[in-house]
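Participant: These are the residues of each chain, in order.
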Amino acid sequence: MRFRHMLASVALGVVTLAASGAKAVEIEYWQYVFDTRVKAMTQLIAKFQEANPDIKVKQTTFPYADYQTKVAAAILAGQGPDVVQLFYGWTDNFIAGKMIRPLRAEAFPAAEIERDFFPIISAMKRGNDYYGLPTAVRSLALFYNKKIFKDAGLDPNNPPKTLEELVAAAEKTTKRDGSGNITSAGMTLDMGGQDHQWWREVLIRQFGGVPYTDNDTKVAYNDEAGLKALTFYTDLQKKHKVGQTGFMDEGQAAFRAGLAAMTIDGTFRLGSFGTIKSFEWGVTELPANAQGVRSNYASYFANAITTKAEGEKLAAAEKFLKYVSSPDAMKIWMEVVGELPARRAAALTPENIAHPVYGPFLKGLEYSHTTLFKDETAQRQGAIDMVNRVLIGGEDPKTSLAKAAEAEQAIIDRAKR
Amino acid sequence: MSVIAHQQVAAGGLWSRMSLGQKQRIWAWGFLAVPLLFYVVIRFWPTFQAFYLSVTDWTITRPAAFVGLENYKRLLADALFWQVFRNTFLYLILGTPISLLISFTVAYYLDRVRFMHSFIRALYFLPFLTTAAAMAWVWRWFYQPVPIGVINDILASFGIPQQPFLRSTTQALPAVLAPAVWAGLGFQIIIFLAGLRAIPVTYYEAARIDGLSEGAILRRITIPLLKPTLVFLVVFSSIGFLRIFDQVYNINTNDPGGPLNSTKPLVLMIYQTAFSSYEMGYAAAQTVVLFVILLVISLVQLRIMRDR
Chain R
1467 MRFRHMLASV ALGVVTLAAS GAKAVEIEYW QYVFDTRVKA MTQLIAKFQE ANPDIKVKQT
1527 TFPYADYQTK VAAAILAGQG PDVVQLFYGW TDNFIAGKMI RPLRAEAFPA AEIERDFFPI
1587 ISAMKRGNDY YGLPTAVRSL ALFYNKKIFK DAGLDPNNPP KTLEELVAAA EKTTKRDGSG
1647 NITSAGMTLD MGGQDHQWWR EVLIRQFGGV PYTDNDTKVA YNDEAGLKAL TFYTDLQKKH
1707 KVGQTGFMDE GQAAFRAGLA AMTIDGTFRL GSFGTIKSFE WGVTELPANA QGVRSNYASY
1767 FANAITTKAE GEKLAAAEKF LKYVSSPDAM KIWMEVVGEL PARRAAALTP ENIAHPVYGP
1827 FLKGLEYSHT TLFKDETAQR QGAIDMVNRV LIGGEDPKTS LAKAAEAEQA IIDRAKR
Chain P
95 MSVIAHQQVA AGGLWSRMSL GQKQRIWAWG FLAVPLLFYV VIRFWPTFQA FYLSVTDWTI
155 TRPAAFVGLE NYKRLLADAL FWQVFRNTFL YLILGTPISL LISFTVAYYL DRVRFMHSFI
215 RALYFLPFLT TAAAMAWVWR WFYQPVPIGV INDILASFGI PQQPFLRSTT QALPAVLAPA
275 VWAGLGFQII IFLAGLRAIP VTYYEAARID GLSEGAILRR ITIPLLKPTL VFLVVFSSIG
335 FLRIFDQVYN INTNDPGGPL NSTKPLVLMI YQTAFSSYEM GYAAAQTVVL FVILLVISLV
395 QLRIMRDR
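Chains R and P, in that order, are what the protein sequence lines are. Using our numbering, you'd call the opening residue of the first sequence number 1467 and step up by one each time. Using our numbering, you'd call the opening residue of the second sequence number 95 and step up by one each time.
Same shape as in the complex, but just chain R:
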């Protein structure tokens, strides 16, 4: 008898739960594990749920290495997220796999997006449709070690502004031992890090070329400008001897250890460099060329709505996406993660522009480019190999450049099929 009683009360409880559950729509949000990003998103979800008590957002995270595979497998199996975070470079793949849906123009008018966001948002556009919106964006800048600058007799508050000044400063700050081995580099050379982006979207443009044409589907750097850009880069090691690929294993490691005067890296490195105690460092815009032309490479993770979200979940997902790409959310994201707001109005406040660290990155956003990678890892490998052929294999830069262009075109063409 008592048992039946218990059973009845449990059944009643289940019914009540189900009834109350039906009122709140639950949507799932997926992103990869990165401590500060998860923390920021948890805060955003709490705020969003406060404002929208009828919507519950469940956050799921897992390691970056499996991220793409798992998202693809889950959505194709009809499971997984309603709102998903993806690198802008994966967009083609996700669309081809029917994993994400275009944002409805009624909810997200294209004109507004183009007015409010930085121009790099175009990387999320296919035809007339946008497929996602970022909360934050990342750009590159030149980090420099103020202590090494001072020791070398350079003004630590006047970092290089042009490529010429960069080379001069690097020459002054390089230290070598008796046999000529570098013991402290003037400039880090690490194609596997951010240097390939610097070469591709910045140096090539500064030497008068463009890396790609036709929406980044035709490799265009196999010309005079590309050659000059490559030669400038490899000369840092071969001619000026101010850096060496592989020195201290990685460029960022060399800088962290105080054994490199300058390195090019992104906003995402701020957290790591922020813990440096042994010296003071500064950030400045990527150097301009002699004519004052500047460029930068910007990238971002966007949030998109998956094909799994239908009906009321779709409406809830749209609300959530609107919130996480709102100026409010961007402010929280910048405070917690350290990434720059993707909306101009939220980013370019006088306070942010004057900020000694964020300022240079923000200025870079105004004239930055994004590469529409088809297979980022493979395309980066192509750039690494191109430089290695010159620096290790002793190959002529012109030949190496031609090989790199041909190989990269093949990667792009294969992805198109």
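The set of hints was computed from the structure by calculation and includes no laboratory data. Accuracy of the hints is not assured; some may be wrong.
To be verified - Residues from chain P that face chain R, not an exhaustive set, calculated with beta carbons under 8 Å: (1) T141; (2) Q143; (3) T155; (4) R156; (5) A158; (6) V244; (7) I248; (8) Q265; (9) D349; (10) F369; (11) S371.
Since this is a predicted model, take the numbers as computed values, not measurements. Virtual Cβ for every residue (Gly too), placed ideally from N, Cα, C.
Based on the hints, put chain P in the right spot on chain R.
Facilitator: Then chain P, alone, in the frame of chain R:
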């Protein structure tokens, strides 16, 4: 209720009519079925799936379409594949003899050492217990240029020019191979020691009474009687070197496979094609090729075993 009872009676009837031998066989197969099923589902089925995938252009996100032998044609025309093929066999033909020679020499002399025998043996075995990834990272730092690379620091202090090691297309592969050989030594030494101990002492005594030199004893008695051990180790380490991955990947993560692919083995190429470029079909074709290579080598090994 009554239906179930009826079935139980029927089953009970069938069971009681069986002989003891039949029952034992049913029990045996019942237990064997579990691992068998596991193997079929976890091992064999994916293997056949890989054969099927290798003739499609599946990319995870896009549905698979049949492309015939397209992937294999691409593989044969891919310069990277031949480079990787060469690297893989370099690991094999350098790694196996070198590691066996060293481990045999160590085992041969260690067998005669009584002083701290177990301790020395444990020291040799220690690297085998270490995670390959961790070890690769330690060696990665050993090989760095000055000022942090231990090896180059020593070279520089003697006035010898520093060596690029991992940053060289010619030195990188041997540099990656060295820790791999070192890590495997412990295991091979233990197996050799067991093999040496298994040779009856009377043979040696007889040989010594007959006045055979130590060299002759080694050539005429020790090595021939060690053949089963040797065959086992050759096969075991060959397969190990053909499947080398952790060391190579971790020792050079910022340019996986070494500068200009100088250290990239087949397994790493498969990994990158599948999980970085998501070209599953092409990766499956590479896997099939690796499968065939391993199969051929295993068959050759069986042949040698039979000749014994």
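Participant: Please name the hints from earlier in the document that this structure breaks, with their numbers sorted from lowest to highest.
Facilitator: Hint check: 1, 2, 5, 6, 7 and 8 fail, others pass.
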